[in-house]
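Keeping the supplied structure of chain S fixed, place chain U upon it in accordance with the hints.
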Amino acid sequence: MSAAAVTPTPAPARRRPRLGRLLLLRGQPRTVQVGATIVGALVLAAIFAPLLAPYDQNELDFSNLLAAPSPDHLFGTDDSGRDVFSRTLYGLRIDLAIVFFVTYAALPIGVVAGAVAGYFGGWVDAVISRIVDVMLAFPFIVLVIAIVAITGPGVKGVLIGVPLVGWALYARLARSEMLVMREQPFMLATTALGYSRRRAILRHAVPNLIRTSLIYSTLDLVVNLMLLASVSYLGLGAQPPNAELGSVIAQGQANLLDAWWVATLPGLVLVAFGVGVGLVGDGLSDGKLLRRGARA
Amino acid sequence: MLGYLLHRLALAVVVLFGLAVATFLIMHLVPGDPVQQTLGSRATPESIAFAREQLGLDDSLLAQFWAFVSNAVTGDLGYSLTLNAPVAEVVGQRVEPSALLIGYALLVSVVVGIPLAVIAAWRPNGVVDHAIRLLTTFAFAMPAFWVGLMLALVFGLGLKWFPVSGYETGIGGMLRTLTLPAITLGLTLSTIVARTLRSSLIEVLKSEYVEAATSRGLSPRRVMVKHAMRNAIMPTLTVLSVNLGLLIGYSIVVEAVFQIPGLGSLLLQSVQRRDYEIVQAIALIAGTAVVAISLATDLVQASIDPRVRLGR
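Just so you know, the sequences run in chain order S and U.
Read in order, the letters of the first sequence are residues 1154 to 1449 in my numbering.
Read in order, the letters of the second sequence are residues 4 to 315 in my numbering.
Here chain S stands alone, though its shape is the one from the complex (with noise of 0.2 Å):
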């Protein structure tokens, strides 16, 4: 066999946004510099939570029970006295850290999985699709929870249980687009360059199958954020007196009629980072996004 008689043919080029210009966003769609805006300032407040917030998260104060928003207080205090609006910033710096690191933990591992059962196809590709199958088939609220019965509560369960089923949806992903990737002209002249395998996929076909997984993460963190705040609303994540968004929005719904600021404004810092995110995915991929489905 002559490797010589395929021409390698280079793969086409394509338009990437270098880093700087992506950072001040000219020439992004107005959704994009709307949602990365909302992003990058929740974002700023989580990391210098400890230097915006006004007092300490666990900071009691019986005189003030229940306070209504005021300038001294934004987000009102709870029924133990706590200013809301500080235990919201240390909240939102716990969970986005969290959900950050849970989302792209999964995405690479993913992402690789997929290339190899795409690539190999066979029996490898049997395996690792059905790994796959079984994984999306948990409902994931439902292992999160499962985990927690073991681990105890804490956020352990979700650092654990999200990347052990995040994977699957990149993998399905990076999978399908593989399959489509291996016949073309760039992949099969790694083989006939006589590149290894390991070369192939790693050097060659992931660092062009990551781009849709990386417009799908946008989507994933939203979902990953409401679900790490689920299960901090039902009592299973971080322990008290260690504020997290959901847990926050809890302990406001035994006062929901006489102090609805405690659970309704950390909820909406929630829907403000969800909507700035989706906002940015929706731009990037231009509205196809959801059309994959949450869990597709």
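To be clear, the hints were calculated from the coordinates, so they are not data collected in a lab.
Heads up, some of the hints might be wrong.
Simulated restraints, written as ranges between beta carbons of each label pair [stated by the list, open to error]:
(1) Tyr-1348/S - Gln-272/U: 52 to 58 Å
(2) Arg-126/U - Pro-1224/S: 50 to 56 Å
(3) Thr-1190/S - Val-72/U: 38 to 44 Å
(4) Leu-137/U - Leu-1346/S: 45 to 51 Å
(5) Asn-234/U - Phe-1273/S: 32 to 38 Å
(6) Pro-1338/S - Arg-233/U: 53 to 59 Å
Note that CB positions come from ideal geometry on N, CA and C, so glycine has one too.
Only chain U this time, still in chain S's reference frame:
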């Protein structure tokens, strides 16, 4: 069709088996002795030994797995030490509210999602389309438990149209107690339905057969409902079945918000009581439901659309 059915059925069995393995492994990697946990510190060595014997915990892991699977297939889901009752019986009593809630939520998502999609697809990129897109972006970003609390605040505590917690049987009681929970649960899915159906409608409306129908002088409404919808609804069906897992999962949270005595509440109580037998059973039931529904959806699609079964 028979070939496709058998192929699809075999896949479902493989996934179900994998699900059983996963559930079993998670539950048996528990550090500590579940019997000691449930019986408490007052348990005598004899009573612990007796309970372990009864639960078969002294057998090998493989033997335990075999017992778990062969019992589960016959509907025997084990025995709950904390409630002193068969798991199947305990779980069975809680199925009704959960099933009704999920069914009602599905109905809400379709009844809200389909009209939104049709209105948005009527004039793509028009003002209404953009408004609906923004609306769905917001609705998608709202955590279910928070939506539930807000609905309870406005329609329960404020307007007093609905009770904010509890569950009643009968049509009237169900409508009273499950309406707010079903809206809460169905909201996220309705945004997904609206967006999926909108984009497939827009695609289908560009096709030649739709043009042909329009040029035959059929009204736009008839073209949309009778001609475009039939083809456009297929991807939506897939998305619905894929996201049913999400719906089942979030029903746990919604049950907690509105204190509905369903499977979700039972799961949470069991986690607190460390009743692993029940946790395991509910995880298995939830997973099986997802597999069964996706199997059913695939078969329905294959029987409607020959392309599905031929071009797999």
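Review point. Which hints, by number, does the structure contradict?
Key: 2, 3, 6
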